[in-house]
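Chemist: Below, each chain spelled out in residue letters.
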Amino acid sequence: MKQDLFQAPDYFLMDELLSDEHKLIRDAARDWVKRDVSPIIEEACQNAIFPKQILSGLADVGAFGPYIPTKYGGAGLDHISYGLIMQELERGDSGVRSTASVQSSLVMYPIYEYGNEEQRLKYLPKLATGEMMGCFGLTEPNHGSNPGGMTTNIKDMGDHYILNGAKMWISNSPFADVAVVWAKNDAGRIKGVIVEREMEGFTTPETHNKWSLRASATGELVFDNVKIPKENILEGKDGLGAPLGCLDSARYGIAWGAIGAAMDCYDTALRYSKERIQFGKPIAAFQLQQKKLAEMITEITKAQLLTWRLGVLKNEGRATTAQISMCKRNNVEMALNITREARQILGAMGITGDYSIMRHMMNLESVITYEGTHDIHLLITGLDITGESAFK
Amino acid sequence: MNILVCISSVPDTTSKINFTENDSKFDENGIQFVINPYDEFGLTKAVMLKEQNGAKVTAIIVGESSVEPVIRKALAIGADQAVRINMKPLDSFSTAKEISNYVSENPFDLIIAGKESSDYNGGAVPGIIADMLNIPFVNACNGLEIEGNEVTLNREIDGGIEKIKASLPIIIGGQKGLVEESELRIPNMRGIMTARSKPLNIVEANNPMTMSKSIQFEKPAAKGECKMVSSDNIDQLVNMLQNEAKVI
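Chains S and L supply the protein sequences, listed in that same order. The numbering used here puts the first sequence at residues 1 to 392. The numbering used here puts the second sequence at residues 1 to 248.
Just so you know, these hints were derived from the structure itself, not from any lab. There may be inaccurate statements among the hints.
[Claimed, not checked] Straight-line distance between alpha carbons at most 27 Å, and here's what the computed BS3-like set of lysine-lysine pairs gives:
#1 S:Lys281 x L:Lys198
#2 S:Lys34 x L:Lys176
#3 S:Lys281 x L:Lys219
#4 S:Lys281 x S:Lys237
#5 S:Lys71 x L:Lys198
[Claimed, not checked] Label-pair restraints from in silico Cβ distances:
#6 S:Asp354 x L:Lys223: 21 to 29 Å
#7 L:Tyr120 x S:Leu5: 19 to 27 Å
#8 L:Glu218 x S:Asn337: 54 to 62 Å
Owing to the predicted nature of the structure, the values given are computational and were not obtained by experimental measurement. Positions of the beta carbon are idealized from the N, C-alpha and C atoms, including for glycine.
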């Protein structure tokens, strides 16, 4: 892997829309990624190994629950700060950002929003420091875009519950200490359950041979008559709206993260195009390469503006599920298109591990599918503007 | 022990440098400012000394409100408090005079400045402060140890290192070696949050006066084209170095 020479594009002077503290937080995450992620991430991906050594660094830069109040170990920051951290992490690698997204939005968020005070105090401070890692179980082998059809269930046994079922495509599952799992109760209502690693009957087989997110650990959650104490139920909210609330938060982070991946590819391609000489001049001087680069920075700038506005709305508590869907969908597709154009600018060099482009490209193939597929997000917008559901 | 770290706000080293007003003024448009790298070595050393032996670290900067992000970063890295002297830095003399004024009313045991700032490379501020305060000054330090009231310093000299002993109070011009690059600190979230409540005192400038003025800036001439010489044609290389480049 070549030295990380990343310089962030800011064509519309977006920095002027950020506070000094936003920039301090963003720059700290950026510096950390340059120092601790860039030098190791390519090898981790090539070998499909999750780089556990970065967990304490992720906690240090505030990647675990930055918007959770300080009382519970979070940093009490706003949502733009959270977004900026996700942007910088994904600039390094989508897998690193995924680990932080899951911990923050899918584990800490539901425990904070739907958990009681005892649960908050028991889990959140340890999750914030990375001493405890978590994962989130919603998707099942037969229920992806239709999570409401889940078959994982809990049975009330009087003084405890019994959990049965299986979840699939779960980031962090192979090493998670706790899992926030969604299961139907006897009445068919979806409830949140905190499952702990050492509970009998709970296993987490790893998913191997991925061509994407290779530096992030993915696996299953299998529950075979797992005895769940009653105090491990998230009583604050139930029904499908509860896990979907978590996904709103995670998708918001992805919208920012995708910009990071796009910025990295644009920056790499721009630098390469100025250095690569063909026909006696840098390829940046040729119109076809300029078209690619000019369109990239245009799309990145549009996404930056869209996402900053979404951040402002989220800070004001006004961001809707549909707005978050639109932003996630737009930004991930934008980033994926940029990886492909950037790869072309680098020619054959673009397919090697000397550059980050192909790694970003393969990662984004997951990102465009997880947390709501590209198609489903389109239907969410469709439903929002027409009032007609086209899901089924 | 009271340590004062002098911080300068400088353009990021990757910035594109341009000038305005007939090349007499630096164009700050679109420039990202950072802690002067030489000062950052000193700041990190001061924070380490605090952690090892206990000390109070104050970071001081001369500048208008636009430099506050830089001094906030110093607080996030570990300084206990910050002082901003509210004036646009005009030259080395005025900057040194304002810092000296502050120090004469608020004494420090150890003052660490960078050996120079990476923008104007004046390298004069700590020396002038030393003169104004009548305290010892050691420049280009790449090693610092303190025991009681005694300071042992390594100073870079041509082809080697000079070891110096001195007593507090003292001012040094620091550089890489005070700490290594790998020891420089990225502010962590706890530091950033703590920095919110650390005091940043704004002190009005006393009587800014300059002894010099920049008239014009000129960028280095563009590099000439690279001429390649075959490795088996040493005579041609020597001839070119002698007669064209005139370097031997």
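Chemist: A separate judgement is required for each hint: does it hold in the structure or not?
Modeler: Here is what the structure says about each hint:
no., hint, in the structure
1, S:Lys281 x L:Lys198, "53 Å, violated"
2, S:Lys34 x L:Lys176, "20 Å, holds"
3, S:Lys281 x L:Lys219, "24 Å, holds"
4, S:Lys281 x S:Lys237, "62 Å, violated"
5, S:Lys71 x L:Lys198, "20 Å, holds"
6, S:Asp354 x L:Lys223: 21 to 29 Å, "26 Å, holds"
7, L:Tyr120 x S:Leu5: 19 to 27 Å, "26 Å, holds"
8, L:Glu218 x S:Asn337: 54 to 62 Å, "44 Å, violated"
Against the hints set out earlier in the document, violations occur for numbers 1, 4 and 8.
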